[in-house]
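Participant: Take the sequences, apply the hints, and build the full model.
Numbering of the sequence shown is given in my numbering, commencing with residue -9 and proceeding in unit increments.
Hints listed in this document are in silico derivations from the structure and should not be mistaken for laboratory results.
Any given hint could be a false lead.
Listed below are the simulated SDA-like cross-link pairs for lysine to any residue, each with C-alpha atoms no more than 20 angstroms apart in a straight line [stated by the list, open to error]:
#, residue 1, residue 2
1, K69, S85
2, K69, L86
3, K69, T59
4, K69, I83
5, K123, N47
6, K130, T59
7, K123, L48
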Amino acid sequence: MHRAGNVLDLIFTRSTSMLDVTVTPMHHSDHHFLSFLLSLPATPVHCTPSCSSSRCNLHSTPSSSFASTILTTLPHPDKFSSLSLNTATDAFISSLSSAINFLCPVSSRPARSTSPAPWLMGVLRSNRQELRKAERRWRKSQLD
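Facilitator: This is the structure:
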């Protein structure tokens, strides 16, 4: 479950090994419950001044352009339905990957080289985060 309490329908992983994968069909639904264990590195990665953070901004991409990009890279429906399950899955994942890379290229920026201000701790930091969150919601409501 994610922060808002809803269940995620799709999970992407990269360079991670999954163990004990089980798929359980749900009653009265076309969904399946997928459970697995992820193997994560035991040692934390410490950021040096040369580190950078990378991100892909999916929120700035309209869903219509994402859907049309995927549809243009998939095989024709007649051909797609005749493919084996593994081949069709590989084609779909490849289409998703190329659409994400095309519409939302990964951008990186250097990590913060200065430590946070010593006075900005605890309650003050959380109050500032809530204020910023409220400002973003207000700005978004003015744009709609």
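Participant: Confirm or reject each hint.
Facilitator: So, going through the hints one by one against the coordinates:
1. K69 <-> S85: Holds, because 15 angstroms separates the two Cα atoms, which is no more than 20 angstroms.
2. K69 <-> L86: Status holds; Cα separation ~18 angstroms.
3. K69 <-> T59: holds (18 angstroms)
4. K69 <-> I83: holds (16 angstroms)
5. K123 <-> N47: Distance ~18 angstroms between K123 and N47 Cα, so the pair holds.
6. K130 <-> T59: The given pair, whose Cα atoms are some 26 angstroms apart, is violated under the 20 angstroms limit.
7. K123 <-> L48: This hinted pair holds, its Cα atoms lying about 19 angstroms apart.
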